[in-house]
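Chemist: Here's the letter readout for the chains.
2 protein chains.
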Amino acid sequence: MRVYNFSPGPSMLPLPVLERAAREMCDYNGTGMSVMEMSHRGKPFMQIMENTQNLLRELMNIPEDYEVLFVQGGASMQFAMIPLNLMTTGAAAYIDSGNFAHNALVEAQRYGRVDVLASSKADTYAYIPDYDVNDIADDASYLYITTNNTIFGTRYIELPKPKNGIPLVADMSSNILSQPYDVRDFGLIYAGVQKNMGPAGMAVVIVRKDLIGKAGANVPKMLNFQTYADNNSMFNTPPAYTIYMTGLVLEWLKEQGGVEGIYQKNVEKAQILYDFLDQSEKFRPLAKKEHRSLMNVTFVSPDAETDARFVAEAAKAGLQTLKGHRIAGGMRASIYNAMPKEGVEALVNFMADFEKTI
Amino acid sequence: MRVYNFSPGPSMLPLPVLERAAREMCDYNGTGMSVMEMSHRGKPFMQIMENTQNLLRELMNIPEDYEVLFVQGGASMQFAMIPLNLMTTGAAAYIDSGNFAHNALVEAQRYGRVDVLASSKADTYAYIPDYDVNDIADDASYLYITTNNTIFGTRYIELPKPKNGIPLVADMSSNILSQPYDVRDFGLIYAGVQKNMGPAGMAVVIVRKDLIGKAGANVPKMLNFQTYADNNSMFNTPPAYTIYMTGLVLEWLKEQGGVEGIYQKNVEKAQILYDFLDQSEKFRPLAKKEHRSLMNVTFVSPDAETDARFVAEAAKAGLQTLKGHRIAGGMRASIYNAMPKEGVEALVNFMADFEKTI
Numbered sequence: 003m004r005v006y007n008f009s010p011g012p013s014m015l016p017l018p019v020l021e022r023a024a025r026e027m028c029d030y031n032g033t034g035m036s037v038m039e040m041s042h043r044g045k046p047f048m049q050i051m052e053n054t055q056n057l058l059r060e061l062m063n064i065p066e067d068y069e070v071l072f073v074q075g076g077a078s079m080q081f082a083m084i085p086l087n088l089m090t091t092g093a094a095a096y097i098d099s100g101n102f103a104h105n106a107l108v109e110a111q112r113y114g115r116v117d118v119l120a121s122s123k124a125d126t127y128a129y130i131p132d133y134d135v136n137d138i139a140d141d142a143s144y145l146y147i148t149t150n151n152t153i154f155g156t157r158y159i160e161l162p163k164p165k166n167g168i169p170l171v172a173d174m175s176s177n178i179l180s181q182p183y184d185v186r187d188f189g190l191i192y193a194g195v196q197k198n199m200g201p202a203g204m205a206v207v208i209v210r211k212d213l214i215g216k217a218g219a220n221v222p223k224m225l226n227f228q229t230y231a232d233n234n235s236m237f238n239t240p241p242a243y244t245i246y247m248t249g250l251v252l253e254w255l256k257e258q259g260g261v262e263g264i265y266q267k268n269v270e271k272a273q274i275l276y277d278f279l280d281q282s283e284k285f286r287p288l289a290k291k292e293h294r295s296l297m298n299v300t301f302v303s304p305d306a307e308t309d310a311r312f313v314a315e316a317a318k319a320g321l322q323t324l325k326g327h328r329i330a331g332g333m334r335a336s337i338y339n340a341m342p343k344e345g346v347e348a349l350v351n352f353m354a355d356f357e358k359t360i
Numbered sequence: 003m004r005v006y007n008f009s010p011g012p013s014m015l016p017l018p019v020l021e022r023a024a025r026e027m028c029d030y031n032g033t034g035m036s037v038m039e040m041s042h043r044g045k046p047f048m049q050i051m052e053n054t055q056n057l058l059r060e061l062m063n064i065p066e067d068y069e070v071l072f073v074q075g076g077a078s079m080q081f082a083m084i085p086l087n088l089m090t091t092g093a094a095a096y097i098d099s100g101n102f103a104h105n106a107l108v109e110a111q112r113y114g115r116v117d118v119l120a121s122s123k124a125d126t127y128a129y130i131p132d133y134d135v136n137d138i139a140d141d142a143s144y145l146y147i148t149t150n151n152t153i154f155g156t157r158y159i160e161l162p163k164p165k166n167g168i169p170l171v172a173d174m175s176s177n178i179l180s181q182p183y184d185v186r187d188f189g190l191i192y193a194g195v196q197k198n199m200g201p202a203g204m205a206v207v208i209v210r211k212d213l214i215g216k217a218g219a220n221v222p223k224m225l226n227f228q229t230y231a232d233n234n235s236m237f238n239t240p241p242a243y244t245i246y247m248t249g250l251v252l253e254w255l256k257e258q259g260g261v262e263g264i265y266q267k268n269v270e271k272a273q274i275l276y277d278f279l280d281q282s283e284k285f286r287p288l289a290k291k292e293h294r295s296l297m298n299v300t301f302v303s304p305d306a307e308t309d310a311r312f313v314a315e316a317a318k319a320g321l322q323t324l325k326g327h328r329i330a331g332g333m334r335a336s337i338y339n340a341m342p343k344e345g346v347e348a349l350v351n352f353m354a355d356f357e358k359t360i
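Sequence lines, in order, name chains A and B.
All the letters of the first sequence, read from the start, carry residue numbers 3 to 360 under my numbering.
All the letters of the second sequence, read from the start, carry residue numbers 3 to 360 under my numbering.
For reference, chain A alone in the conformation it holds in the complex:
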């Protein structure tokens, strides 16, 4: 009996993907072994690797002058790798739009001057802060943003456009492949795969080729993007099974009509939930209307006890992991690509019934 799992990540995966992984577990494609057991230098895995990379290139329309890298350590490792590789001037600008954006800029301060262009921290990150790209220092190596703020349920509707060719760097961990983006608007995009792409244990880094190869001599080899670019992300043993699972998820996404197709479904799913919240007299959405995320919907009931009761009773009804992050409080429904519309409808129906008991 599968449940609807509203976890912010790791999160739901498409059931057909899991079923296929189970079928192929002991014998992948007639090789007589599991993908977990294969040499990463052998043909079967090399094909899996190529397939995963090609699907990502196709689905995101990634230009040839961008590398696609697979790196272990998740987004938190990127908080260090980005300044270590890209902060060639010793300075960078950051927009502080959420907890992960904040952690990223704190980590970057180890390596150079961090200019906080704007922050909504004082308002519990309930919105994307106003910023003026003219305030970016001339010597900034890049402007860093978080396109979707998982904890607070906000996202950029329009992207900042830095002047003078300063590259835009984006943490897209919680909304990659959920809506169309033009990769050319970015110098670098990265995402931990555990929300919209696969199981935890890897980040995808999409980076313009001219931005790499400039890391200092004391940067660890495994933290240098050049190491990954030079070795097709296989300088050492890659997280092979995670790459395989990511490939299966990307195949599924292609069947859903690709990013454009899933985007329509995501808009529809989010609308169902926001429409309910906007008319509800007991539940209240937390994110500012203009910056609402399509992936993470945050809301509260009238008080903390009712929040707790809601989360507990929803779980019993098969609607799981709805508790909000401790920093934001209340509830959060994460409705990534793999959450079916039926899950969102079941949640709204449950909320409508629960509302009568408040």
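Do not take every clue at face value.
Identical copies look the same in the list; a pair holds intra-copy or inter-copy alike.
Derived DSS-like pairs: lysine-lysine, alpha-carbon spacing no greater than 27 Å straight-line [as the list claims (entries may be wrong)]:
id, residue 1, residue 2
1, Lys163, Lys211
2, Lys45, Lys318
3, Lys163, Lys216
4, Lys291, Lys123
5, Lys216, Lys165
6, Lys223, Lys123
7, Lys267, Lys256
8, Lys291, Lys343
9, Lys123, Lys290
10, Lys290, Lys267
11, Lys291, Lys267
12, Lys358, Lys343
Keep in mind that the hints were calculated from the coordinates and are not lab data.
Fit chain B to the supplied structure of chain A, relying on the hints for placement.
Modeler: Just chain B now, kept in the frame of chain A:
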């Protein structure tokens, strides 16, 4: 149809482990979700985490004053993390007994003075080089060794015993849990899990508590052992499925009689293969007899063309991935814990038949 897979890593996993993973893929233990989909902060995964850690502590008899950490990036990341965390004096001693030992010392040179205590590089690493622990400099922060050399098929039979409390640091990637070790002989043990413990994508680090917490301020947060120790290896999302699979392998290992039990089987398996090689008039073992590995058995036929024919014909007979590493040449049979005795017997039988065709 499963094959016997002699891959050096990723490598064979116990079939019952894979079968269980397949069964639990879509619904773990009645949770209604895959382990891949679970919040790492929720109870079901926390129990998986605790179970994996406890099993490792039990199987290796790890004392309480050692941390058990799960770190992404594999052994190559440890090549940097070890000097960044432990080289507090600005110097360390390394024994250059193989390719990975060499890569480790090259990486360490970014961070301080590396004294090469001994090297067998000039002899294609066919043995563990002679060393004298009295040659270790007084200011060395640690002595670094690789207990088993995957590419060349050698291992330390006796461990170096550095004086003056200088800690021994060991890369045990290719023989952890294959034979009994006393953790107290080491300051730090680490191993990429993809040979004897699980699928690729994680290293286990077992480190004496007093050795950590001394990294410099400019060390990336994700490269500081203290970050992992302070957060039960969950500062950020851990490689959750890899931890789960590792736990399943450790449960299986416990059923095999633990490390002592599997060691007896490993000795028996290696003996079958070395006995055959020692009496063969056509095949010749590559590693020096006194330093033979129990995990990786390297050998050659009379010439390179016959080597290639052997590898190709063996593969057709279901004995796969026997090609040696390009640095060592010839053949390599990796016979980790999960390789059944039947696989080694099948290989020896095939070699006996093949020998007649040379």
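Chemist: Are there hints from earlier that the structure breaks, and if so, what are their numbers?
Modeler: none
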